[in-house]
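Modelling step: build the complete structure from the supplied sequences, incorporating the hints.
Residues in the sequence shown are numbered consecutively from 1, following my numbering.
Keep in mind that the hints were calculated from the coordinates and are not lab data.
Cut-off 20 Å, straight-line C-alpha distance, at most; resulting in silico cross-link-like pairs (SDA-like, lysine to any residue):
hint, residue 1, residue 2
1, Lys122, Glu73
2, Lys122, Ile163
3, Lys122, Met149
4, Lys122, Leu158
Ranges between beta-carbon positions, derived for each pair:
hint, residue 1, residue 2, range
5, Arg72, Pro210, 13 to 21 Å
6, Leu162, Asn37, 54 to 62 Å
7, Arg75, Val95, 25 to 33 Å
8, Ile71, Asp96, 30 to 38 Å
9, Leu74, Leu113, 20 to 28 Å
10, Val57, Val82, 15 to 23 Å
11, Ala120, Ala38, 50 to 58 Å
12, Leu113, Phe202, 17 to 25 Å
13, Met51, Ala126, 25 to 33 Å
14, Glu73, Arg47, 36 to 44 Å
15, Glu73, Leu50, 30 to 38 Å
16, Arg72, Gly97, 34 to 42 Å
C-beta atoms are modelled at their ideal positions from N, C-alpha and C, and glycine is treated no differently.
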Amino acid sequence: MDLACFRQYDAWHMGANRHFERRRFPFRPTFCRGEENARLIDLERRRLMLMAQIDSVLAAILIGIAFICDIRELRIPNWLTVSFFAAGLVYHLGVDGWHGGFFSLLGALAGFLPLLVLYAFKGIGAGDVKLFGALGAVVGAGHSLQVLMYSILYGGLLGAALIVMNQSFARRMLLLGLSLLSVNWSLRAEGFASLKKDSLRFPFMIAVLPGAVTAWFFMREWPFN
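And the structure:
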């Protein structure tokens with residue numbers, strides 16, 4: 001409380017009619033609205049920072065377990081994605097009511113729909129699609145899309161590195177490119193069969209883990225920032 005506020009409060013508290021005033025104002029009056037607003041803003045900022053830290057911890061647990069499962073079993077179990085989707089939805093509903101529920105559902109859709117397109121082209125597995133749906137329910141649309149963007153970037157770099165290291169696959173890719181330019185349908189069929197025979201696939205979580213770390217590093221809500 002600054003000096004002007006103290007003088008106003010002291011004049012009220014030590015006045016001749018203080019008993020009458022206390023009867024009219026049972027609570028301590030607020031003369032300095034600016035100071036109170038600053039305190040409320042600080043409390044809200046602390047609440048949002050705490051929520052961001054909880055979101056980050058839940059997302060880290062989800063991605064960590066999914067990474068281990070994908071490396072060991074080449075699949076992400078449904079119990080993991082469903083449980084974290086439900087946990088994210090219930091948590092945000094409990095903290096922010098219907099606004100929190102809308103935030104969580106919008107995040108789930110933002111994480112689910114883009115991966116569904118990649119799944120339709122056989123680029124990723126169904127578990128990866130559900131993983132980003134659960135991640136979006138926990139951290140929201142903006143954060144899940146950032147994780148997805150960096151994951152696709154790392155996935156492309158990893159795929160390019162595998163192609164360079166695998167000369168056989170590179171030759172098959174060249175054959176596929178030449179077959180696409182050819183008018184000979186038998187040569188085209190040979191190119192597609194060659195690619196399918198020696199396709200390079202890797203667990204998408206290998207790209208998601210560094211993508212998530214990169215995304216969280218550049219976010220202001222990162223708890224250790």
